[in-house]
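Colleague: In case you want the letters, here they are:
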Amino acid sequence: MVAVQETVERVRRIDVDQYRYGFETLIESDKAPKGLSEDTVRFISAKKNEPAWMLEWRLEAYRRWLTMTEPTWARVDYPKIDYQDIYYYAAPKPKKTLSSIDEIDPEILKTYEKLGIPLREVAILEGVEPPPGGEQTPNRKIAVDAVFDSVSVATTFQKELKAAGVIFMPISEAIREHPELVQKYLGTVVPTSDNYFATLNSAVFSDGSFVYVPPGVRCPMELSTYFRINERNTGQFERTLIIADKGSYVSYLEGCTAPQRDENQLHAAVVELVTLDDAEIKYSTVQNWYPGNSEGKGGIYNFVTKRGDCRGRNSKISWTQVETGSAITWKYPSCILRGDNSSGEFYSIAISNGFQQVDSGTKMIHLGKNTSSRIISKGIAAGKSQNTYRGLVSAHRKATGARNYTACDSLLIGDKCGAHTVPYVEAKNSSATFEHEATTSKISEDVLFYCVQRGLSEQQATGLVVNGFAKDVLQKLPMEFAVEAQKLISISLEGSVG
Amino acid sequence: MALLEVRDLHVGIEGCEILRGLDLAVNAGEVHAIMGPNGSGKSTLSHVISGKPGYQVSAGQILFNGEDLLAMEASERATRGVFLAFQYPVEIPGATTMNFLRAALNAQRKARAQTEFSTPDFIKRVREVANSLNIPQGMLKRGLNVGFSGGEKKRNEILQMALLEPSLCILDEIDSGLDIDALRIVAGGINALRSSERAMIVISHYRRLLDYIVPDVIHVMSKGQIRKSGGKELALELEACGYAQFEDAA
Ligand SMILES: Nc1ncnc2c1ncn2[C@@H]1O[C@H](COP(=O)(O)OP(=O)(O)O)[C@@H](O)[C@H]1O
Ligand SMILES: [Mg+2]
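Going down the list, the protein sequences come from chains H and R. If you count by the numbering used here, then the first sequence holds residues 1 to 498, one letter each, in order. If you count by the numbering used here, then the second sequence holds residues 1 to 250, one letter each, in order.
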């Protein structure tokens, strides 16, 4: 009976939560007028009920942005973006409510099926809601179960996190509820003036996640946006800030392995990580935004700035990414190894197919003594795609004993794609030891035929070879993510052979 | 009806004719040996039967259980029971032998509308066969054929054959690169799979293999044709006089 009582309460709470969206949108219009101006920035800030300092911060970024020009050094090619032809804010409208699983686009369902995501999760992700009063229909049961599940996960999360003292909330809430923390850290890793897209993000970001782990706390669970229902529409200009205080640890999973069909073309997110003494952050991403159609039309432009600052001694930041989506990816999750003995890691699988263009890599900036970094990059290019690894490893004059190991492997599928490796190395002191290895290989006809002779389809064979190729990095992902990522890799290569 | 029937097969690669009117009929339950010098087209024949792309079939037919094999995709031929133990097995880094075997077996079973093996059943089965072939368990967890010795690669081919239970086994130079102990193990594995429902074609240019796998029929191949077929006595003739005498026999 206790369980039943809980269910009722939880379902009621969902209603409350959803109603709260209503409160947030008290201002007349739900959409900022098209284009970007100071008024747009003010509009967004007002929507978010932000304090004056936050608005000032945004405005400063906006004014700075006006003086900047879009970078052109990446090996990507796209038509000029008209920044006045974009909506910078749309209220986080709940997804179109569906009353049953049957209403979900069968194409999308198929993808879920391939990923092996249980139906009740599909119901959550696609926003299937129970019809009012339709208690006895089987579909309602799925929906209620689904909602119940996500809420139970979320509330269990909240309770446990609170007990541990971990703050995990939308950044818009953190700005209001923990202004001292946000003010202390926001923009200290990626300054508002950092680069064109980061500056744009600073002016117009709509939401994102905020995490603070207090000293000595090992966050009791992996934090994930997966079940964060209220984060559905924050994709375009997302802002994330994670702080691991002294001696703490947190693992954060970003993204969702469900198919993402976002109509926003331009995505410019910023992620800032800070680790203090002896702290560690493990940040994992699975990115599968819409890559565009088979003719190269549409698809997301993913211009992301992600950077971690190992501010404290013995601290560690580890980036793991599986990038399979987006028409264009421009992304270099980096580590500033400021604290002595700090270490940074970058493990990446970047897959491009069709007409996708990927220019991704990392920067390891060694500033402290005896700092170490490790880069394992696996680039997989298929179709007519272009896949570039661009990486910088640098050691400051004072960074004595800096060590880096870099291994960049590229795998080509077919002969119309390209893989490129652009490593930059700067050692300003003689005690730095930097190692770099790079390989490029192709899936040979012989390997494909061998697999096919054993009864596998070419698709399965390619998936097998690619997953084997990417194994070292897949193993760095949290377990539950690794399985889905593996399937995602196979799916994203569909149509790449034969 | 023969299980496999090759009729007047002409095959070229890059404009060069390799098989020049080859005929062969193999019944279920039989083991045939195809002997011939290097370059006579033995591997080409095994590739064309199993569906490797890149070959041009200009004339002739291949029937498998009476059906047109050349019209089928390579993976379909595999699921219907055609297995090729490769002369040069490939390496797939990161894909463990265990996972590869499982993927292959399940793909075949799925295509035949059979239920997939449960994980414990599958592991048990693999272990049994691996033991009988002297394959250490550790090898199953390594990337497929990665860092395997020549002999280990060949044993791995037989392991796959035993698990997939094909009706036609083509073994291309299964004895090459094997020392005598490894050859005994591999031949033992092959002989254990002989059955009345299964046909085998063992391809080699070393007569030595026939001491370990005793065939029902021996064919001598040269320059893209079967020059002579016969029983065990042909092996003795080969031993005595080599391949040269068969070159112009047809
Ligand atoms: N890809 C190729 N291109 C051109 N000729 C080839 C190719 N592959 C094989 N051949 C030729 O075909 C002939 C038969 O080769 P193969 O079937 O491998 O013979 P065997 O297995 O009997 O030694 C040889 O003369 C070889 O050089
Ligand atoms: Mg050969």
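Don't take each hint at face value.
[To be verified] Straight-line Cα separation of at most 25 Å, SDA-like style, residue types lysine to any residue; simulated pairs:
#  : chain 1 : residue 1 : chain 2 : residue 2
1  : R       : Lys52     : H       : Ala482
2  : H       : Lys487    : R       : Gln114
3  : R       : Lys141    : R       : Gln87
4  : H       : Lys442    : R       : Gly147
5  : R       : Lys110    : H       : Gln460
6  : H       : Lys471    : R       : Gln114
7  : H       : Lys487    : R       : Ala113
8  : R       : Lys141    : H       : Lys416
9  : H       : Lys416    : H       : Ser394
10 : R       : Lys228    : R       : Ala192
11 : H       : Lys487    : R       : Asp121
12 : H       : Lys476    : R       : Gly138
13 : H       : Lys476    : R       : Arg142
14 : H       : Lys471    : H       : Asn341
15 : R       : Lys141    : H       : Ala482
16 : R       : Lys110    : H       : Val447
[Said to hold, decoys possible] Residues on chain H that point at chain R, a partial pick, calculated with CB under 8 Å:
#  : residue
17 : Leu161
18 : Phe434
19 : Ala438
20 : Thr439
21 : Lys442
22 : Asp446
23 : Val447
24 : Phe449
25 : Val452
26 : Gln453
27 : Gly455
28 : Ser457
29 : Gln459
30 : Val465
31 : Lys471
Keep in mind that the hints were calculated from the coordinates and are not lab data. By construction, the Cβ of each residue, glycine as well, lies at the ideal position given by its N, Cα and C atoms.
Colleague: Work down the list of hints and note, for each, if the structure agrees.
Modeller: Do the hints match the structure? See the list:
no., hint, verdict
1, Lys52/R <-> Ala482/H, "violated, 33 Å"
2, Lys487/H <-> Gln114/R, "holds, 23 Å"
3, Lys141/R <-> Gln87/R, "holds, 23 Å"
4, Lys442/H <-> Gly147/R, "holds, 19 Å"
5, Lys110/R <-> Gln460/H, "holds, 13 Å"
6, Lys471/H <-> Gln114/R, "violated, 30 Å"
7, Lys487/H <-> Ala113/R, "holds, 22 Å"
8, Lys141/R <-> Lys416/H, "violated, 34 Å"
9, Lys416/H <-> Ser394/H, "violated, 34 Å"
10, Lys228/R <-> Ala192/R, "violated, 28 Å"
11, Lys487/H <-> Asp121/R, "holds, 24 Å"
12, Lys476/H <-> Gly138/R, "holds, 22 Å"
13, Lys476/H <-> Arg142/R, "holds, 18 Å"
14, Lys471/H <-> Asn341/H, "violated, 28 Å"
15, Lys141/R <-> Ala482/H, "holds, 18 Å"
16, Lys110/R <-> Val447/H, "holds, 22 Å"
17, Leu161, "violated, 35 Å"
18, Phe434, "violated, 25 Å"
19, Ala438, "violated, 16 Å"
20, Thr439, "violated, 11 Å"
21, Lys442, "violated, 13 Å"
22, Asp446, "holds, 5 Å"
23, Val447, "holds, 5 Å"
24, Phe449, "holds, 5 Å"
25, Val452, "holds, 5 Å"
26, Gln453, "holds, 5 Å"
27, Gly455, "holds, 4 Å"
28, Ser457, "holds, 6 Å"
29, Gln459, "violated, 10 Å"
30, Val465, "holds, 6 Å"
31, Lys471, "holds, 4 Å"
Figure legend: structure checked against the earlier numbered hints; hints not met, in rising order: 1, 6, 8, 9, 10, 14, 17, 18, 19, 20, 21, 29.
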